Each structure stands twice: as C-alpha cells, then as structure tokens.
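Asker: Sequence:
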Amino acid sequence: EASASWPPCIRVMVNQSECLDIGDLFIVTCTGGTIGREKGKNHVIEINNINISRVSKPRIFEMILVLRHPRHSNHCSLRFDYTNNQYVVKDDGSQHGTFINNIRLSQAHEESTERGITHGDVLKLGTTELLLHIHPGTDTCTDCEPGEVKARVKLEQARKYIISVLMTAKEKKKQQKLELKSIKKRYGLKNMNFEDNEAISNPAYEDKAATRRKQVGSDGPGHKSEAPASVHK
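By the working numbering, the letter at position 58 of the sequence shown is numbered 615, and the numbering carries on one by one without gaps.
Keep in mind that the hints were calculated from the coordinates and are not lab data. It is possible that some hints are incorrect.
To be verified - Distance condition first, Cα-Cα at most 35 Å in a straight line; then the derived DSBU-like pairs of lysine-lysine: (1) K731 to K717; (2) K742 to K711; (3) K734 to K717; (4) K596 to K707; (5) K647 to K707; (6) K681 to K711; (7) K727 to K717; (8) K742 to K730; (9) K738 to K717; (10) K742 to K729; (11) K731 to K707; (12) K771 to K738; (13) K681 to K730.
It should be emphasised that the depicted structure is a prediction, and the values quoted were computed from it without experimental measurement.
Turn these sequences into a full structure, and let the hints guide you.
Answerer: Have a look at this one:
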C-alpha cells in the first residue's frame with residue numbers, strides 16, 4: 558500500500574537499436590535523469606551511438622556561440638512533474654532530435670518545452686527506439702519483462718531460420734525471381750525482355766530439332782545435306 562502512494566517508475570524497453578539489445582530494460586524513477594552517450598555522466602540510459610548528443614569541446618571562435626547556446630552532456634532529460642502527476646521529457650538541444658510517437662520535440666540545437674509521457678509512448682533517439690511502460694505501483698506486463706521479450710525475439714529468430722532451411726525448391730525459385738525483379742527495378746531494367754527458359758535448363762529436356770538435324774539433315778539455305786547425282790557412276 559505504501560508503494561501505491563509513490564509515483565510509478567518508467568520501465569523503458571529497447572524496441573529497436575544498433576547498439577543496445579532488443580528487450581534490454583532501463584528503470585527511470587521519479588527522481589528523473591538524462592539520456593546521453595558519454596560515459597561517467599550518470600545517465601539513466603547510456604546510448605553509445607553517434608546520433609546521440611554528448612559534450613564536445615568548443616573551438617576558440619565558437620566561444621560566443623557556446624555562451625548563447627550552452628552545450629550539454631546529454632541528449633534529453635526525463636523527470637516526474639508532481640503538479641500534473643505525470644512524467645515529462647525535454648530535448649536538451651540535441652542535433653538529431655528527440656521524438657515522441659514520431660513527433661520531433663524541437664529543431665536541431667534548440668531546447669524543447671517539456672512534453673508529457675503516457676503509458677505506451679515510443680521515445681526515439683537516433684536509431685534507438687524505446688517503448689515506455691508506466692504501470693501503477695509495482696505492476697508489470699509481458700511486454701516490459703526482459704525475459705519474456707527476449708524469449709519472443711529468440712523464438713522469432715529461430716522460426717525464420719527454420720523457414721529458410723526448409724524452404725522448398727519451388728519457393729526458392731519464387732524467391733529468386735522476386736529478388737531478380739527487385740534488382741531489375743533498382744537498375745532500371747524492369748521492362749527489359751530477359752527470359753528464364755526453364756525447359757532448356759531442365760536436364761530431362763530433349764532437343765528434338767537437334768536430333769532431326771543429325772538424322773535427316775537441314776532444309777536451311779546453303780546447307781549441304783546430300784551429294785549431287787553423277788552420270789559417271
């Protein structure tokens with residue numbers, strides 16, 4: 558009962574990423590925190606990706622700009638807004654932007670206003686997509702339990718592998734045709750006449766025309782099939 562009086566945590570699940578494993582879990586409490594890429598900055602979520610903003614040392618001629626637009630060691634920040642009883646996120650002047658449900662919070666290098674977060678929102682930073690779960694108390698669901706999510710990911714990977722191994726010859730031929738069609742479309746050859754003569758490539762195919770030419774000869778012009786008759790024989 559005591560836990561119910563406290564603000565809930567955000568269970569942040571990695572949904573897609575180039576540098577984090579799908580199904581990884583991060584916990585953001587009511588004390589809030591930052592998301593960035595620099596180590597040693599006590600970020601609640603550290604994403605080591607070039608699209609995530611970090612601190613950089615300005616050059617001399619940039620000093621005036623830096624004073625007017627301070628550089629941050631984090632990409633965005635999260636906190637619990639006790640007035641409105643909800644979590645909020647703010648872009649701290651990142652270059653590549655912070656997105657909530659595909660909506661960018663601010664322009665490059667500009668701090669955004671705080672945006673409220675609700676259960677099920679998707680937070681995207683660079684190539685990393687984070688699914689936000691906010692449950693009352695200590696409740697969880699199968700979509701925010703790392704073991705459950707990673708088990709489903711492994712099962713799907715195994716399913717795709719088995720399908721690729723057990724694919725029939727006919728299905729492989731169909732797949733090859735689709736890939737060839739895609740290549741022709743990519744290089745502007747979609748309307749070119751390229752034919753795949755399956756009969757000729759079939760080992761059981763019998764070229765009757767070639768057999769006839771060997772046994773009977775050819776009626777084609779200029780082809781010598783028989784010697785002319787001679788009166789001297």
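Asker: All hints, please: hold or fail.
Answerer: Status of each hint after checking the structure:
no., hint, result
1, K731 to K717, "holds, 17 Å"
2, K742 to K711, "holds, 34 Å"
3, K734 to K717, "holds, 20 Å"
4, K596 to K707, "holds, 26 Å"
5, K647 to K707, "holds, 29 Å"
6, K681 to K711, "holds, 23 Å"
7, K727 to K717, "holds, 18 Å"
8, K742 to K730, "holds, 18 Å"
9, K738 to K717, "holds, 23 Å"
10, K742 to K729, "holds, 20 Å"
11, K731 to K707, "holds, 32 Å"
12, K771 to K738, "violated, 39 Å"
13, K681 to K730, "violated, 39 Å"
Checked against the numbered hints above, the structure breaks hints 12, 13 and satisfies the rest.
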